[in-house]
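Engineer: Input sequences plus hints: build the corresponding full structure.
Take a look at the letters that make up each chain.
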Amino acid sequence: MWFGWYSAIMGLSSLLEFTEKGIYVPKGDFYIDPIKKVKQAVITHGHSDHARSGNIKYLCTDLTKPVLKLRLGSKINVQSLAFGESFFINGVKLSFHPAGHLPGSAQVRVEYKGHIAVISGDYKLEKDGLAEAFEPVFCHEFVTESTFALPIYQWQAQEKIIADIFTWWQQNQSEKKASIISAYPLGKSQRLISALYKYSPYITCHPSIENTNIALRNAGVDIPILDDLFSITKNESHRYLVLTPTIISQGLWLQNFPHYELADASGWMATKQGRKRSTAHRHFTLSDHADWPSLNQAVLASQAETVFVTHGFSDDFARHLKEQKINAQSIDHFFTRERIEQE
Amino acid sequence: MKFALLLQLLDESKNDISKTTALLRYSKSQSQDHVLDLFRFFQSIRSKKICTTQDLLIWTKEICNLPDWLFEKSLSHCNDVLDAINLLLPINVESVKLTLPYVQNLYTLKFNDENQIKEFVTKQWSLLDHDIDRYFFNRIITGNFRLKISDLILFDFLAAYFETTRINISIFHALNLLHSKSDIKKQLKTGKSKALIKKFEPVKEVEYIEVNIEELSLHEYYVVTPIWIGVEIQIIKFNHDIIIWDLTKQIKIYIEEFLYQKFKSRDEDFIVNAIYISSKSQNSKSNTYIIITDFISIGQNIEFSKSLQKQTNFIEQWILSLDEREGIYSNECLNFQNHIELSTYYNQMDLNKYVSILVELPDESKRILRPELFQLKAVLLYAQKKDQTFSHYYDQYTFGVLQLSTIVPIVKLDADLEETEVIEIHQFILENTIERFGPVRSISPQLIFNLQYSRIERSKRHKSGIILKNAKIISTSFHSALDELSRLSHIVQKAIMEEEN
Ligand SMILES: [Zn+2]
Ligand SMILES: [Zn+2]
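Protein chains in written order, with my numbering: chain A, 614 to 956; chain B, 1209 to 1709.
Since the hints were made in silico from the structure, they are not lab data.
Just so you know, even glycine gets a beta-carbon here, dropped at the ideal spot from N, CA and C.
Take the hints with a grain of salt, since some may be wrong.
To be verified - Straight-line distance between alpha carbons at most 25 Å, and here's what the computed SDA-like set of lysine to any residue pairs gives:
1) K740/A to H728/A
2) K1677/B to I1642/B
3) K740/A to E1302/B
4) K889/A to Q1654/B
5) K1671/B to W866/A
6) K935/A to W1277/B
7) K1668/B to I1615/B
8) K1305/B to Q886/A
9) K1269/B to D1337/B
10) K682/A to Q692/A
11) K885/A to D1624/B
12) K1677/B to E1626/B
13) K1256/B to D1337/B
14) K1671/B to L867/A
15) K885/A to C1272/B
16) K885/A to N1287/B
17) K1305/B to T1372/B
As the list claims (entries may be wrong) - Facing chain A, a subset of chain B residues (Cβ under 10 Å, in silico):
18) F1279
19) A1292
20) E1629
21) E1632
22) H1634
23) R1695
What the hints assert, rightly or not - Rough simulated footprint, nothing fancy, chain B against chain A, three-plus residues with beta-carbon under 8 Å:
24) 756-770
25) 876-887
26) 932-940
Structural biologist: This is how it looks when you write it as C-alpha cells:
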C-alpha cells in the first residue's frame, strides 16, 4: 500500500512514505525500523519494537551493531556507521545522530537534493551520563515519537531519582533485604548500573542483562564490571542491587536472595494508574523517552516544516502541534498493529 | 523517608507487611514522641474539606492554560483527577515538604471566603514538592484522605518500633498508655504501668428486669461494667450522664439461644438488639439491666423503629411475657494489676474461648482487646474431591501465593463454604482445568480467595517451605486481580517478625 496523498495536499515533495512495512524512503529504497521483512533496513536502536529479524541488510550505528548481532543473531548482514558519518544509498545521503535514548541509539537523517528528513526513533533530551547526548538536527520533515506525549508527563532530574533509588537500596540493606529492580535489559539497565555504581559497587544483574553489558563493553561503552549473580552467597545477598528483566522466571539464583524488595523503574510509574499495574513495592519514575516539555522542545529545535508523529500518543500530540501552528499529522494508522511499545 | 512517601506507600501497598515496613522506615529517624504522634494521627485520621475537587480542576485549568480536549485527555488517562491535577501543575524546583506537623496544621486552618481558599491552595501548589506531597495535599483538602491502615498494622509497626510484642502494644493501647507522653520503652521493661489501673467491681450476672427508660434518672451516675469478656459492643453516648451499650453479635447469640430454649424452634428467625445498662448509685451498689430495643421476627415481618420511647411499651410487654426470668450471664470479671498480668489473659483468649476483653479505663473510656488472625490472598491452583465416592463437587482446594513472578502452592483446604459457592467454584474448576493428574485437576490461576491463619511453621517437606496453621477459607474474592495475591516472602517475613517478638 502506498500513501502519497499528504504530499499532494501539502504541496511538498516528501522524502518519506508510510507503508505497512514501516517508514520508507523511496528515493533510496530503504526502510527505517521496518515492521515487516525488507531488503534494506536502517535501524535506530536495538529495542525489539525497532529492530526486527528477517531483513536482508541492516544499517545502524557502530554501537548498535553488536547489540543487533546479540539480539537478532550473529549471522545477520549488518553494516555500521559512526555518528555523523555520511553514507549514500541509491543517491540518498544518510547519517546517524545521537538520540540520547540509550548508548548507540540514533536519529536517522536523510537528505536528497537539499531536502532533509529526520526520523527520531526513540529519544530523550536529558543527559544520562551514558548515552550520547541528543543532538537537535535541522530538517524539513521530522518524524517524532510520542510515547509520553501528554502534559502530565514531566520528568524529574535523573540525579534525584538515582538518589531516591540509592536511599531505598540502603534501607533494604539495613533491613537485610536485597533490592531487586526490574528494568528493560537494553538501555534502562545500563543507565541504572552506570549511575548507581558511583554510589556503591554492590550491583549485580541477571544473565540476560549481562549479555547486553558485555556486547556494549566490548564496543567501548564504560559499563562497570559487576559481581556475578551466581557467585553471591546468601549471607551477602542483602547488600546487592539486582537488575532483572521485566519478566523473569523463577531462577535458581533467587535461593540466595531469601529477603528482598522489588522495584520498577519506568516512565509509566509517574501515574497512580501505572503504579497500580506494577507488582513491585517501590516505583521510580525513570524513563528513556522524552517527556512532554522535551518533545515540544525537540520538535521546535528541528525547525521542521512538517512533523509526523508515531509511537504513542500520536493523534494527541499531532493535534497539539497543529494547534501550535505546526504542520503535523499522526502516521500510526499506516502501520499494522504489530508494534509493541516498549521503553 | 519523607512523610508524603510514607503516605504513598501506605496508600498504594498491596499488603499489610509493606505498610508496616513503610511505617518502620519512616520512623527510624524519628523520636518516640513523633512516632506516638504518628500513631495517634493514623488512628484518628480525618479529612478536612477546604474545597471541592471541582474547584481544584478550575484553578488547575487557569494555571496550566491547556485546551479543554488535552486537559480532558490527561484526566482520563490518569483515571484519578487529583493525581492528574498534581501531574499537570508546573514542577517546583525549590519546594516545601508535606510533613506531619504541616498536615496537622492544615486541620486548624480557617478561611473567610472562597478567594482566600483559592489564594491559599494555589500558593501551596507553588510551594509544595510536586513529587507526591502536592498530591496528598489535594487529597486532604478535598476530603479524600482515607488511607486503609488497620489497628493491626499500626500495632505491628509499634511493636517493631518499641521492640516488643503486638500483644503488649494492644494492651498498652487498651490501657491508654499510647496516648500519654510516657516512656513506653521503659514501662515495657519495668512492667510499671499499674498506676493507671483502678480496681473494678465485677458483675457476675445480668438479669431481666422491668424497667422504664424514662424512670431512669439522668442525674444519677451510671457506669458500665468495668471488665466484661465475651461481648462485642458498640458505645452509644446517650447523654453525658448515661452510657448505653448496644450489644451486638455475641450477646445476640445468647439471647437467640435463650429464645430458642423458650420456643424450642429455630423456624422463627429472630434479630434482637438489646441495651445493656449498669448503674452505680451513691452507695456504690451496681444494678445492671438488659433492655431489648429491637425484637425482629423475620418470619412475621415485624420491625420496630429505633426510637426507644416508642418501643418502651413493647419491650415491657415482651419482658413481661417471659414467664421464667432466666438470666443472661456475662462472663467472668478479670482483675489485673499491670499490663503483664493482662497479657496473660490476652494470651489465653483462644483457650478460654473469649471473643474479646473489654477494658474500662480510669476515665471511664472503654477499649476492646480482640485476638487478631493473619489474612492472605491466595489463588486456586489444584482441586480434588475430598471423598471420591461421596463428594458431588470438587471440594478440596490447593491454594498458591506469589513468589516473585511464579505461584507456589501454600496450603490445601476443604471447601468450608456455602453449597451454592461450592457449585460455582466447581463449575469454574471444570471450565478452567489445565491438566488432570488422576483425581487432581490443575486449574488456571485466576480465582482468588481470602484465607486466614493463626501462625506459620517451617517445613522442609513443602514446596513453599512453610505450613499455615489453623488455616481457613474466609471468602472468595472473585474480583481480585492476580497482582493482589499475597507474596510468600511477606508471609514468611511476617512470621519472622512474630518469632523475633
Ligand atoms: Zn526504544
Ligand atoms: Zn520504541
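Engineer: Run every hint past the structure and note whether it holds.
Structural biologist: Now for the hints, and whether the structure bears them out:
For a cut-off of 25 Å, the pair hint linking K740/A to H728/A is broken: about 29 Å separates their Cα positions. With a C-alpha separation of about 29 Å, the suggested pairing of K1677/B with I1642/B is violated against the 25 Å cut-off. Pair hint K740/A plus E1302/B holds up; C-alpha atoms about 21 Å apart against a cutoff of 25 Å. Simply put, K889/A and Q1654/B have alpha-carbon atoms about 18 Å apart, close enough for the 25 Å limit, and the pair holds.
Using a Cα cut-off of 25 Å, the hinted pair K1671/B and W866/A holds, with the two alpha carbons roughly 17 Å apart. This hinted pair checks out: K935/A and W1277/B have alpha carbons roughly 13 Å apart, not beyond 25 Å. Restraint check for K1668/B and I1615/B: the C-alpha separation of about 18 Å stays at or below 25 Å, so the hint holds. Between the alpha carbons of K1305/B and Q886/A the distance comes to roughly 24 Å, so the proposed pair stays at or under 25 Å and holds.
A distance of roughly 19 Å separates the Cα atoms of K1269/B and D1337/B; the hinted pair therefore holds under the 25 Å criterion. Simply put, K682/A and Q692/A have alpha-carbon atoms about 11 Å apart, close enough for the 25 Å limit, and the pair holds. About 37 Å separates the Cα atoms of K885/A and D1624/B, which puts this hinted pair outside 25 Å; it is violated. Of the supplied pair hints, the one linking K1677/B and E1626/B holds, its CA atoms being roughly 23 Å apart against a limit of 25 Å.
Taking the CA atoms of K1256/B and D1337/B, the gap is near 20 Å; set against the 25 Å cutoff, the hint holds. Note on K1671/B and L867/A: the hinted pairing holds, with a Cα-Cα distance of about 14 Å set against a maximum of 25 Å. Taken as a hint, the K885/A and C1272/B pair is honoured in the structure, with Cα atoms around 20 Å apart against an allowance of 25 Å. As the CA atoms of K885/A and N1287/B are separated by approximately 8 Å, the hinted pair is consistent with the 25 Å bound.
Distance check on the hinted pair: K1305/B and T1372/B sit about 32 Å apart at the alpha-carbon level, beyond 25 Å; violated. The closest approach between the C-beta of F1279/B and any C-beta of chain A is roughly 8 Å, which is under the 10 Å cut-off, so the hint is satisfied. A least Cβ separation of about 6 Å between A1292/B and chain A falls short of the 10 Å threshold, and the interface hint therefore holds. Among the interface hints, the one on E1629/B is violated; its C-beta lies about 28 Å from the nearest C-beta in chain A, farther than the 10 Å criterion.
Given the 10 Å rule on beta carbons, the hint for E1632/B is violated: about 27 Å separates it from the nearest Cβ of chain A. For H1634/B, the interface hint is violated, since its Cβ never comes within 10 Å of a Cβ in chain A; the closest pair sits about 30 Å apart. For R1695/B, the interface hint holds, since its Cβ comes within 10 Å of a Cβ in chain A; the closest pair sits about 9 Å apart. Only residues whose C-beta sits within less than 8 Å of a C-beta in chain B count toward coverage, and the segment 756-770 of chain A has 6 of them, enough to reach three; the restraint holds.
Given as covered by chain B, the segment 876-887 of chain A passes the check, having 4 residues with a CB less than 8 Å from a CB of that chain where 3 are the minimum. Coverage of a stretch by a chain is defined here by at least three residues with a beta carbon nearer than 8 Å to that chain's beta carbons; for the segment 932-940 of chain A and chain B the count is 3, and the condition holds.
The structure is inconsistent with the numbered hints 1, 2, 11, 17, 20, 21 and 22, although it conforms to all the rest.
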